[in-house]
Every structure is written in structure tokens, then in C-alpha cells.
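Engineer: With chain A fixed as given, assemble chain B onto it according to the hints.
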Amino acid sequence: DQQVKQNSPSLSVQEGRISILNCDYTNSMFDYFLWYKKYPAEGPTFLISISSIKDKNEDGRFTVFLNKSAKHLSLHIVPSQPGDSAVYFCAASAHLSGGSQGNLIFGKGTKLSVKP
Amino acid sequence: EAGVAQSPRYKIIEKRQSVAFWCNPISGHATLYWYQQILGQGPKLLIQFQNNGVVDDSQLPKDRFSAERLKGVDSTLKIQPAKLEDSAVYLCASSLWGSFSPLHFGNGTRLTVT
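Respectively, the protein sequence lines represent chains A and B. Note that the working numbering numbers the first sequence so that position 67 is 67, with each residue one more than the last. Note that the working numbering numbers the second sequence so that position 89 is 89, with each residue one more than the last.
Bound-form chain A, shown alone (with noise of 0.2 angstroms):
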């Protein structure tokens, strides 16, 4: 059973617009979100995260939301460059008993496609 899910597997959208990739997960322990970006033929790099006890992390063109009620995260991208194009995975973890981090589950991913 998937605990994070990307229910979109590509995206499209016009250079210069926001793109927006969305993220649902069935965990209600989960308490920590990244999202990271992968071009291919390389390791996915981490892009932007968000705790649970926030519902907005900004950097520069990205920001995530975080809907803890609709276990549902969001990340925007504004405006949109074609460099932008790749796979965004949404991941996710949950805190353990004994103060540790559990390890990332991830989504399957959404390939976003940024045209000029």
C-alpha cells in the first residue's frame, strides 16, 4: 500500500506560470516532507522540506504547503523555467519512539515539462 502518493505522473505547463505538484499521503505519523528533483541519468537533489508544525516553507521560486487535516502537500514553482523540467518525488517520514527519524517513503513521482 503506497503511503505517499503523486497522483500525477507528468505535468506540462508554459514557462514564466506556476507550476504546482501535488503530493497525498495516508500516514498520519508522518511529521517531515521533502520534495527533491531528478534529472535524468543523475540522483535525485533535494529541493525544499517542511515539519509538520509549519504549513508554509518558502525558498526563492519554491514554496510547499502542507494541509496536515487533508494529508496533503503542494509544491509551487513560480515562475516556471525550463530548467524546471524534471521528476519532482515527494517524500515523507515520520518520527520514532526514542527521538530518531524514520527512513523516506517516496512517491512514484511527477515529470514536469517546462516549454519555452
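One thing to keep in mind: the hints can contain errors.
[What the hints assert, rightly or not] Calculated lysine-lysine pairs in the DSSO-like style (CA-CA distance at most 27 angstroms, straight line): (1) Lys111/A to Lys71/B; (2) Lys5/A to Lys44/B; (3) Lys83/B to Lys62/B; (4) Lys15/B to Lys111/A; (5) Lys83/B to Lys44/B; (6) Lys108/A to Lys56/A; (7) Lys108/A to Lys11/B; (8) Lys44/B to Lys71/A; (9) Lys44/B to Lys11/B; (10) Lys108/A to Lys83/B; (11) Lys78/B to Lys15/B; (12) Lys108/A to Lys44/B; (13) Lys111/A to Lys68/A; (14) Lys56/A to Lys5/A; (15) Lys108/A to Lys62/B; (16) Lys44/B to Lys15/B; (17) Lys78/B to Lys44/B; (18) Lys78/B to Lys108/A.
Just so you know, these hints were derived from the structure itself, not from any lab.
Structural biologist: Frame of chain A; chain B shown alone:
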């Protein structure tokens, strides 16, 4: 800083053969991970090391997969014997200390089992 280094980049083997992958994490990173990414899926954790000790290997198929991290630095992942369903990209990642800090991934090894 230098990134996570992995080798080889590509490997093609026949089923029932053995294969080994190598990873050198970012200097100073205590935690090392091996992930398997099958085409069209997200990365799935195989094993996590904290220094040279295993933290989590619950999803490692131990009848055929093995991993070690000697001296708490480099790591090797071995598959013996390989099956067709092992065809995937094997990603190594490291972090300063567990999942509290972002994971830094290497470029992976693409394994094809024929």
C-alpha cells in the same frame, strides 16, 4: 564539497550472476543508505547504516542481497544470484545524521539483468 560517488554507472549481467556496487559518501556523513529505484517508481530503501552499524535492513532481500560499510565510510552492495526483477537503478545516499538532515544522492548504478 565532493558529492556521493558511485561506481560503476552501468552494469549488464545475466540472471544468476553476481554483481557488486560501490559507494563513497560525502566526507563526514555518518549515515549511508542504499535505495533501489525500479523504472516508474520512487526510490525504495534497502538498507541504512549509521557509521558502520546497520540501522534498518528490513526491506533488504537477504537471501540474495548483502551490504557492508567497512570502517564507517565506503560501502558495497552485492547481489548474488541476480534475478530479472533486480533490474533497477541502485542509488547510494548519505546524510549528516539520519533522516533529520537531507539526503544527498549519488548518480546511481543502472543494473540490467538479462
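Engineer: Any hints from earlier that this structure breaks? Give me their numbers in increasing order, please.
Structural biologist: 1 and 4
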